[in-house]
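Asker: Same order as they appear, the protein sequences are chains A and B. Letter 171 of the first sequence, counting from 1, is numbered 171 in the working numbering, and no numbers are missing. Letter 130 of the second sequence, counting from 1, is numbered 130 in the working numbering, and no numbers are missing.
Misleading hints may appear alongside valid ones.
DSSO-like cross-link-like pairs, simulated, lysine-lysine; straight-line CA separation at most 30 angstroms [as the list claims (entries may be wrong)]: (1) B:K96 x B:K64; (2) B:K357 x B:K64; (3) A:K49 x B:K357; (4) B:K41 x B:K98; (5) B:K196 x B:K357; (6) B:K341 x B:K64; (7) A:K96 x B:K357; (8) A:K49 x B:K164; (9) B:K336 x B:K357; (10) B:K164 x B:K336; (11) A:K303 x A:K201; (12) A:K162 x B:K164; (13) B:K357 x B:K164; (14) B:K96 x B:K357; (15) A:K153 x B:K164.
Read the hints as simulated data drawn from the structure, not as lab findings.
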Amino acid sequence: MTTLQASSPWRKTAALLARFGLTGRMLVIAVPMLWLLVFFLVPFLVVLKISVADPMIARPPYSPLFVDGSIQATIGNYAYMWEDSLYINAYWSSIKIAFFSTVLALLIGYPMSYYIARSPEPKRSLLLLLIVLPFWTSFLLRVYAWIGILKTKGVLNMLLMKFGLINEPLIIMQTDVAVYIGIVYTYLPFMILPLYANLVKLDDALLEASADLGAGPISTFFRITIPLSLPGIVAGSMLVFIPAIGEFVIPALLGGPDTLMIGKILWTEFFANRDWPVASAVAIAMLLLLVIPIMLLRMAQTKGAET
Amino acid sequence: MKRSILLATTVSFAAGAVAAQDNVVNVYNWSDYIAEDTLEKFEAETGIKVVYDVFDSNEVLEAKMLTGSSGYDVVVPTSDFLQRQVAAGAYQPLDKSKLPNLVNMDADLMAGAAVYDADNEYAVIYMWGTTGIGYNVGAIAERLGEDYEVNSWDLVFNPEIVSKLADCGVTLLDAPTEMIPAAMNYLGLDPRSTDKTDLEAGAALLESVRPSIRYFHSSQYINDLANGDICVSVGWSGDVFQALYRAEEAENGVEIGYVIPDEGALQWFDMLAIPVDAPHADNAHTFINFIMDAQITADITNYVWYANGNAASMPMVDEEITSNTGIFPTEAASAKLWSSKVYDARTDRTVTRLWTKVKTGQ
Numbered sequence: 001m002t003t004l005q006a007s008s009p010w011r012k013t014a015a016l017l018a019r020f021g022l023t024g025r026m027l028v029i030a031v032p033m034l035w036l037l038v039f040f041l042v043p044f045l046v047v048l049k050i051s052v053a054d055p056m057i058a059r060p061p062y063s064p065l066f067v068d069g070s071i072q073a074t075i076g077n078y079a080y081m082w083e084d085s086l087y088i089n090a091y092w093s094s095i096k097i098a099f100f101s102t103v104l105a106l107l108i109g110y111p112m113s114y115y116i117a118r119s120p121e122p123k124r125s126l127l128l129l130l131i132v133l134p135f136w137t138s139f140l141l142r143v144y145a146w147i148g149i150l151k152t153k154g155v156l157n158m159l160l161m162k163f164g165l166i167n168e169p170l171i172i173m174q175t176d177v178a179v180y181i182g183i184v185y186t187y188l189p190f191m192i193l194p195l196y197a198n199l200v201k202l203d204d205a206l207l208e209a210s211a212d213l214g215a216g217p218i219s220t221f222f223r224i225t226i227p228l229s230l231p232g233i234v235a236g237s238m239l240v241f242i243p244a245i246g247e248f249v250i251p252a253l254l255g256g257p258d259t260l261m262i263g264k265i266l267w268t269e270f271f272a273n274r275d276w277p278v279a280s281a282v283a284i285a286m287l288l289l290l291v292i293p294i295m296l297l298r299m300a301q302t303k304g305a306e307t
Numbered sequence: 001m002k003r004s005i006l007l008a009t010t011v012s013f014a015a016g017a018v019a020a021q022d023n024v025v026n027v028y029n030w031s032d033y034i035a036e037d038t039l040e041k042f043e044a045e046t047g048i049k050v051v052y053d054v055f056d057s058n059e060v061l062e063a064k065m066l067t068g069s070s071g072y073d074v075v076v077p078t079s080d081f082l083q084r085q086v087a088a089g090a091y092q093p094l095d096k097s098k099l100p101n102l103v104n105m106d107a108d109l110m111a112g113a114a115v116y117d118a119d120n121e122y123a124v125i126y127m128w129g130t131t132g133i134g135y136n137v138g139a140i141a142e143r144l145g146e147d148y149e150v151n152s153w154d155l156v157f158n159p160e161i162v163s164k165l166a167d168c169g170v171t172l173l174d175a176p177t178e179m180i181p182a183a184m185n186y187l188g189l190d191p192r193s194t195d196k197t198d199l200e201a202g203a204a205l206l207e208s209v210r211p212s213i214r215y216f217h218s219s220q221y222i223n224d225l226a227n228g229d230i231c232v233s234v235g236w237s238g239d240v241f242q243a244l245y246r247a248e249e250a251e252n253g254v255e256i257g258y259v260i261p262d263e264g265a266l267q268w269f270d271m272l273a274i275p276v277d278a279p280h281a282d283n284a285h286t287f288i289n290f291i292m293d294a295q296i297t298a299d300i301t302n303y304v305w306y307a308n309g310n311a312a313s314m315p316m317v318d319e320e321i322t323s324n325t326g327i328f329p330t331e332a333a334s335a336k337l338w339s340s341k342v343y344d345a346r347t348d349r350t351v352t353r354l355w356t357k358v359k360t361g362q
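The shape of chain A in the complex, shown without the other chains (with noise of 0.2 angstroms):
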């Protein structure tokens, strides 16, 4: 009876809703779609508008879409960065530079998920805590970290320098391996998590079924581990892939002049050269140039999620 009086006002309500075609499991859904439409889908739509508009003096410092009644637009900003060079060039290095840091990290990442599964429980727990401990800190901070210890007088140098590995200071601030050092630091837990996530899963019996039909640990890791892990690769590649491409802070404090990275060309063409459309096509263009490896990560999860 009780659950009856409880229940009647939601039936009521779920009634209502269903003249109208709307089920809860819409309703469910809906939240997330209001989330990707407020803040994804709007500024993009923001920034599509803005890159096809002309760079102006006023404020704000473009053309106006719609002038009396028609619409402007111009896909002169697209046309310009295809004819220079620079901006094919900054993506290609962007790109580069973002698949050698995944691969360092999954080198690193990998061996270090690997020990941290295989960890018996509480010693797991504290594990696990340490790779997210530096969450805690600014991000901004720790990179400033960074730079204290690779500058031509820093931690490092003065370390390599006392115990005689060197006798001139190494010049790693302001080069790429600098940059190197920041995205691969930054982003290993982001390589970590989801590895761990996948190599935690592992079915102890499958090892030993390798090693009764006579394969050694080496060919086991290779032939079973390995494999069974390719999920967890490639959604913590896609993890540290993605947003090093664009990353702008590491290259920017960490990096020389010559280090070429897609996120320092946007904040030329926005800041020093004023040129908001220009700047917004770019950005619409890496958009569109990290579809891709979303589309796989993607996929990866969906494989991950059935096995």
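Since the structure of chain A is already known, use the hints to place chain B on it.
Answerer: Showing chain B alone in chain A's frame:
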């Protein structure tokens, strides 16, 4: 050291502002660009809370001004940026009846600033300075000989000389409208020229020395010079003096010098202006008038080592500063200073594109 003190005051002022939300003035100034007690004195005298925020490049300020609704009441753009932002409609004309301290200002310097802002309608001079060369005295003597006199742009623009300094760190400002004209001037061209071949010649010179340049940045060199991490910076006069000051305070054996090269240098004005949509325009006027007080301006100059445009403040400025030709140049040196040229949109693009090429080699 100075920076941390400044930061602490900023935080306390920001916290205070929350309590009395209505009677505030939101100030957006360059980093390390005010005396330690200026804001405190202003609050004590007027009862208006100051929310003080800082930036380190004109570009960042400009993006906020062009977006609008920045929430700031007083901002400090450099003269050529001011001119463009005025054209975009970013500022409101000053109500001079609320600025009685205008009588303190130096008529010649205000006339200089009026080149960018006709009749000084939108802004008054906060500080002014030059873009010259800061250097580590010891490191230069070690690499170029004890007798080498630093008095020329040779130090950064002569590939033979700059290459000898590359290992100890040479930096340039990340400001194309200052660096390219300086290079053009070194080549004997008019630094205010907008001719494409002239601009390209300047950029080509910069490209030829680029292999010896550690980085392009407009504020990082202050700390790096002071710590001895770099040895030559093209920089803003007062910033280099701050590096000098910090090195002295740290007693780390680093001796810093600043020179306005004999070939001449850029002279610029940083201007106090009120955004068109400033929420507390009245308080903004009160603040600007307060800054133009002779003693207050003198205190700021004594602290930041930048020249000001306030004639009445000069007797209160330390002798050490007024006699420093890096801050108040001699008449001969003044004659060789140039002011920056505001470019049209096409030249602007040429200059920034050339600059990207200089920086990245692309």
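Asker: Each hint: holds or not?
Answerer: Hint check:
no. : hint            : in the structure
1   : B:K96 x B:K64   : holds (25 angstroms)
2   : B:K357 x B:K64  : holds (26 angstroms)
3   : A:K49 x B:K357  : holds (28 angstroms)
4   : B:K41 x B:K98   : holds (19 angstroms)
5   : B:K196 x B:K357 : holds (15 angstroms)
6   : B:K341 x B:K64  : holds (22 angstroms)
7   : A:K96 x B:K357  : holds (20 angstroms)
8   : A:K49 x B:K164  : violated (50 angstroms)
9   : B:K336 x B:K357 : holds (29 angstroms)
10  : B:K164 x B:K336 : holds (28 angstroms)
11  : A:K303 x A:K201 : holds (15 angstroms)
12  : A:K162 x B:K164 : holds (26 angstroms)
13  : B:K357 x B:K164 : holds (23 angstroms)
14  : B:K96 x B:K357  : violated (44 angstroms)
15  : A:K153 x B:K164 : holds (19 angstroms)
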